[in-house]
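Residue numbers (my numbering), protein chains in the order written: chain A, 1 to 441; chain B, 1001 to 1293.
Incorrect hints may appear among the rest.
The calculated lysine to aspartate or glutamate pairs, modelled on DMTMM-like cross-linking and capped at a C-alpha distance of 20 angstroms, are [unchecked claim]: (1) A/K431 to B/E1051; (2) A/K47 to A/E320; (3) A/K411 to B/D1069; (4) A/K431 to B/D1064; (5) A/K351 to A/E339; (6) A/K411 to B/D1146; (7) A/K242 to B/D1146; (8) A/K222 to A/E423; (9) A/K411 to B/E1065; (10) A/K133 to A/D117; (11) A/K62 to B/D1234; (12) A/K156 to A/E173; (13) B/K1200 to B/E1189; (14) A/K322 to A/D117.
FYI, nobody ran anything at the bench for these hints, they're computed from the structure.
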Amino acid sequence: MKIKKLSLALAAVFALGAGGAQAATDIQWWHSMTGANAEQINSIVNKFNASQSDYKVVAVFKGQYADSMTAAIAAYRSGKAPDIVQVFEVGTATMMAAGKAIKPVYEVMAEAHEKFDPKAYLPAVTSYYSDTKGRLVSMPFNSSTTVFFYNKDMFKKAGLDPNKPPKTWDEVEADALKLKSAGIACPFTTAWQTWVQLENMSAWHNVPFASNQNGFGGMNTKLEFNNGVMVRHIAKLSSWVKSGLFIYAGRTSQPDAKFSGGDCAMYTGSSGIYGGTKANAKISFGVSQLPYYEDVKGAPQNSIIGGASLWVMGGKKPIEYKGVAKFFTFLSSPEIQAEWHQKTGYVPITKAAYELTKKQGFYETNPGTDVAIQQLSLHTPTVNSKGIRLGYFPQIRTILDEELEAVWAQKKGPKQALDDAVERGNAELVKFERANKKGAR
Amino acid sequence: MEKRTQFPVGWLPYALVAPQLAITIVFFIWPAAQALWQSLLVQDAFGINTEFVWFENFQVLFADETYLDSFRVTAVFSTLVATLAFGMALALAACCDHVLRGARAYQTLIIWPLAVAPAIAAVLWAFMFNPSIGILAHGMMLLGYDWNHLLNSGQAMSLVVISAVWNRMPYNFLFFLAALQSIPKSMIEAAAIDGAGPLKRFATIAFPLLSPTSFFLLVVNLVYAFFDTFGTIDAITGGGPMRSTTTLVYKVYQDGFKGLDLGGSAAQSVILMAIVIALTVVQFRYIERKVQY
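Start from the sequences and build out the full structure, keeping to the hints where you can.
Below you can see the structure in the form of structure tokens.
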């Protein structure tokens, strides 16, 4: 009896032991990708997990960018943060000022002895996510820029040449009038109105969005987007709302459906919607460069990135950081990046991935997919077009959204709205500097 | 002087109450205390840098135009929601009580909206009123009325009110129906014999006897309009064109979770808690006196 019990117990212990010894280290990755992009993420993660057995990346969808960032912050406060979190570009200042809550990517890669050369990445991308010493603090992953989409069927219907998209804002207006008289109810709409029409238009025309090199230069930044070029642009869009050429459809990505569903003819939105639109929409569409004002000197300069990057949270075990470093090396390999770029519409963030895609002849078979990267590298970025780094940027965007809505509803003039936005936004910047005195990088 | 009999009870009553007390403390007292503490701090999003600032967060709030504006929005919104949900439920309950055939069917249909979760109800209404694909928006366009609640603040407010009232009205209806059915038939018949018409009978007999129920529903509806409508507002307008549907509770969420300003958001929470406590005290002190049990 006793021997039977003892052998049973020993067998149980060995069984448990045998199972436990080979467990791979879990790497939690919180992301905000949906649809076709989410499928791509899962495919990348599966490939990485299959290629080695030491680490297992677990990709979890945590809601939209703002929600997942808030979730990561709350998780950190309760000691349950993930290893990697995908944070949108406007959260960069908050994450950079986070002190020991994050671990900079250059540190992670150096400690794991992984080869990591920032020069292999696109300048437009590294400048956005580097600290004042030129070191990459977060890992670039999905960078997009805003491009111009147009519905070729609707162009044909209005008697416009479907292979000649408008180049300047005046041409857009002329085409919109023709589209409207051909019976199209929505000639133009835009997604992410603050990102496209203010942030990118400032960079595109080489005018400053904020002082201190758009916030890169350090503290005590003040907003400067209430200048003549921007007031003129918002005034033009406001007149379009009044005459029915511009149908306002929402603050962020809600208007995407209006273009891919065939409602609106012309659309400025993220290059990242290319993949989903190509796969699922029933329209024939084209992609071209953002419109500009010809009479503004220096336009078009270059556009700035949107999208997100991957941040590594602090306070994790060294073996998890090793796994993160290995995963990042895998993610930045030319093949993975090239496939990610081709399937989604985000730009290839490494030069090698861009060259590989060119060699594969992808841009010939898919015209328009290289517009994004060409826009980003049109000219060497100036201090006005390197990017924007502001504290409490999501809140500043909300303020701008509210003021722009007041303009579209014809309740405020463009100059008044932009002045009010600058005043309210500056208050947010002061609050941020007050709260983040010690942690800034 | 009243003489009360004391029974020896030992530890049993305390042990029985302890679980409920524990829940109340963990889920209500502790978060409230934490909000009170956080409202006195200025800190960064991750909680690494903390500065104790006394009542500065409150001072900043009351100097902020947008915060004072949200008071006005909340007052308008909760008045509309409370009165409409209350009034419609009362009217429907009175009619349902009066009807003879198919009363069950009417009751079932009227109670169904209560089963829909607020956020889902909000999405359904937003879908129907969507300026480009909504069926009701399309109908209004055919009648010549341009509906775009993404730009028009009055329309945005109307839409959130409609959704909140539609979702809440059955709850009030249930209570009113039960209360109406508990009124003794003899009273109604006596009044009818004396020559009172249905409206007069309702006003002089039914309504005063409904006062306990009305009082309860008034309190509960106000709390609902202040707090439980968050999902509705978030799903339909996200704070609305130019903050026209940003109620106090929505602003707490926006400033705390989107703006990452935890001190300011906690201060708003504290003020909101004080307002609702004050309202409830006022209601119990003054209006309850008029209730006839």
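Results for each hint:
1. A/K431 to B/E1051: holds, 12 angstroms
2. A/K47 to A/E320: Holds, because 19 angstroms separates the two Cα atoms, which is no more than 20 angstroms.
3. A/K411 to B/D1069: Holds. A/K411 to B/D1069 sits at ~16 angstroms (cutoff 20 angstroms).
4. A/K431 to B/D1064: Holds - the C-alpha atoms of B/D1064 and A/K431 are around 13 angstroms apart, at most 20 angstroms.
5. A/K351 to A/E339: Holds: A/K351 and A/E339 sit about 14 angstroms apart, inside 20 angstroms.
6. A/K411 to B/D1146: holds, 17 angstroms
7. A/K242 to B/D1146: holds, 13 angstroms
8. A/K222 to A/E423: holds, 9 angstroms
9. A/K411 to B/E1065: Between A/K411 and B/E1065 the Cα gap is close to 17 angstroms, so the pair holds against 20 angstroms.
10. A/K133 to A/D117: holds, 14 angstroms
11. A/K62 to B/D1234: holds, 18 angstroms
12. A/K156 to A/E173: Roughly 17 angstroms between the alpha carbons, so the hint for A/K156 and A/E173 holds.
13. B/K1200 to B/E1189: At roughly 13 angstroms apart (the allowed maximum being 20 angstroms), B/E1189 and B/K1200 satisfy the hint.
14. A/K322 to A/D117: Measuring from Cα to Cα gives roughly 17 angstroms; hence the hint holds.
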